[in-house]
Amino acid sequence: MLLSYFNDAFKNFSDAAKNATPVDQYYAIANNPVQLRFATSRLARALSPALEHLVGEHVLSPSLTVCLWDNAAAKDPMPPFPWKEFAPGTPNIESANEGTNPVIYFKDERIHGAYQIGSKTFSMLDTKRNIALFWVPDAGKITYYERSSPLRTIFQWWAKKYSLQLLHAGAVGTNAGGILLVGEGGSGKSTTALACLDSELFYVSDDYCLLDMDSHPYAHSVYCSAKIGREGVARFPYLISAVENKERLQEEKALFFLNKHWPKKVSKGFSVRALLIPRIMGLKRTKLTPASPRNALMALAPSTIFQFPGAGQEDLTFMAELTRCIPSFFLELGKDVDSIPDIILDALSKN
Amino acid sequence: MNKDLRLRINKPSVVYEKFDDELVLINLDSGNYYSFEKVGADIWGVVQNGASETEIIEEISQRYAESLSTIEDVVKKFLSELKEEGLIVPDETQKAESTKSFHNKNSIGSETEKLIFEFPVLSKFTNMQDFLLVDPIHEIDYTDWPKNKPE
Numbered sequence: 000m001l002l003s004y005f006n007d008a009f010k011n012f013s014d015a016a017k018n019a020t021p022v023d024q025y026y027a028i029a030n031n032p033v034q035l036r037f038a039t040s041r042l043a044r045a046l047s048p049a050l051e052h053l054v055g056e057h058v059l060s061p062s063l064t065v066c067l068w069d070n071a072a073a074k075d076p077m078p079p080f081p082w083k084e085f086a087p088g089t090p091n092i093e094s095a096n097e098g099t100n101p102v103i104y105f106k107d108e109r110i111h112g113a114y115q116i117g118s119k120t121f122s123m124l125d126t127k128r129n130i131a132l133f134w135v136p137d138a139g140k141i142t143y144y145e146r147s148s149p150l151r152t153i154f155q156w157w158a159k160k161y162s163l164q165l166l167h168a169g170a171v172g173t174n175a176g177g178i179l180l181v182g183e184g185g186s187g188k189s190t191t192a193l194a195c196l197d198s199e200l201f202y203v204s205d206d207y208c209l210l211d212m213d214s215h216p217y218a219h220s221v222y223c224s225a226k227i228g229r230e231g232v233a234r235f236p237y238l239i240s241a242v243e244n245k246e247r248l249q250e251e252k253a254l255f256f257l258n259k260h261w262p263k264k265v266s267k268g269f270s271v272r273a274l275l276i277p278r279i280m281g282l283k284r285t286k287l288t289p290a291s292p293r294n295a296l297m298a299l300a301p302s303t304i305f306q307f308p309g310a311g312q313e314d315l316t317f318m319a320e321l322t323r324c325i326p327s328f329f330l331e332l333g334k335d336v337d338s339i340p341d342i343i344l345d346a347l348s349k350n
Numbered sequence: 000m001n002k003d004l005r006l007r008i009n010k011p012s013v014v015y016e017k018f019d020d021e022l023v024l025i026n027l028d029s030g031n032y033y034s035f036e037k038v039g040a041d042i043w044g045v046v047q048n049g050a051s052e053t054e055i056i057e058e059i060s061q062r063y064a065e066s067l068s069t070i071e072d073v074v075k076k077f078l079s080e081l082k083e084e085g086l087i088v089p090d091e092t093q094k095a096e097s098t099k100s101f102h103n104k105n106s107i108g109s110e111t112e113k114l115i116f117e118f119p120v121l122s123k124f125t126n127m128q129d130f131l132l133v134d135p136i137h138e139i140d141y142t143d144w145p146k147n148k149p150e
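Which chain is which? The protein sequence lines are U and S, in order.
For the first sequence, numbering that gives the first Met the number 0 assigns the number 0 to the initial residue and increments by one for each residue that follows.
For the second sequence, numbering that gives the first Met the number 0 assigns the number 0 to the initial residue and increments by one for each residue that follows.
Take these hints with a grain of salt, some might be off.
Listed below are the simulated DSSO-like cross-link pairs for lysine-lysine, each with C-alpha atoms no more than 30 Å apart in a straight line [as the list claims (entries may be wrong)]:
no., chain 1, residue 1, chain 2, residue 2
1, S, 82, U, 106
2, U, 159, S, 17
3, U, 127, S, 10
4, U, 74, U, 127
These are calculated hints, taken from the structure and not from any lab test.
Work out the full structure: start from the sequences and follow the hints.
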């Protein structure tokens, strides 16, 4: 049933691509070649800047091909959504309670699908053919958070095949190793990551990264974007000229694509040596204090799991393993934001 | 509730990890997450092995130096909280068998020195619900979506 729906939606994309001038772009995501096939250049302009630092060579057999389109390009409307057939309570639907969950998720042994209700984005992955579909009603109305971290739902499903886990975590470090910043939205991950731009630390993410646990934890950058509230922009004056959505800062966080302005500061990844849990404490001086693996998991896991449709025990176990194998600290953020890079560098030198 | 009805962890809605004597649990349905430790973690371990309320009380009283009546009251209250939060549910398919051993390998016999009993505390965190609510991804609007297939 889901495969049949996938094929109908794929035909809708194919018609849309024939109807327009598709744009093919290739990326190396966690060293795996990924093709994005945009039905229109408008869609490519909206969604590709966040991945700009990972642009790769054209390959004949990408590990994932994502087909992206919107109603403007499509000749026919999207096929009606399949959740009528996969009603709440049926075994195939994992979450359909729209009142409490912003995502409608469904899957079978081959296909994953999710509709993000707020951003109106529809994602599907055929794990057998390594083809994914991403549809939005209108490329011109894509939300700033979707532009900041496009396709994260699809990447999360696809990454499992390579034993990678998409984490809700920031990451900064040097070529010798870095730290992950874990915690829910508003805990200080972006502030901490952006405070490091003006230092010898490189930037991997402020919100999402792919973690490989193969031999030692290794964080791969996925997005070169950053988001921060208006007050945050005021704290880092050098960011002001880089804000992408200046005219909408009343209702949106400021959005940046760091590769566009500071390409040398963006790293594709590094081994992870410690977990830092930022906490805004209002102290005079920022400091590190020891945290337990449980503290780290409590900061990392709920906000990761609740953001990714279909995440469950396997994801929690993966994250628990991470917290057990490297040390964790609270990063008690004070008013001296400038001191953050030195504190992180000091932690790296000791761990 | 039938005291001899076995209990089980409410999988797959509930996911959890254990760190020594501490547990982290997430209820995927409600958006809440939890932690507890020591006696609470021991109670969880016995539930994990598929025990009834009676058997859990028996097991905990063997491990801890506390009167049976106190342990009975505390375990009942804790199990009731776990049920209320949807973390455990009665296992309707399994009736307790008087001869079936649910004791895990760490079970401590009466001849061993018993542990100090501390009242278990279920710490509950609801901030992920808040996060979802304040996140822009919560408004339901099907304006742009095609109509569902006719019945």
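Verification of the supplied hints:
1. This hinted pair checks out: residue 82(S) and residue 106(U) have alpha carbons roughly 28 Å apart, not beyond 30 Å.
2. As the CA atoms of residue 159(U) and residue 17(S) are separated by approximately 23 Å, the hinted pair is consistent with the 30 Å bound.
3. This hinted pair checks out: residue 127(U) and residue 10(S) have alpha carbons roughly 27 Å apart, not beyond 30 Å.
4. Taken as a hint, the residue 74(U) and residue 127(U) pair is honoured in the structure, with Cα atoms around 27 Å apart against an allowance of 30 Å.
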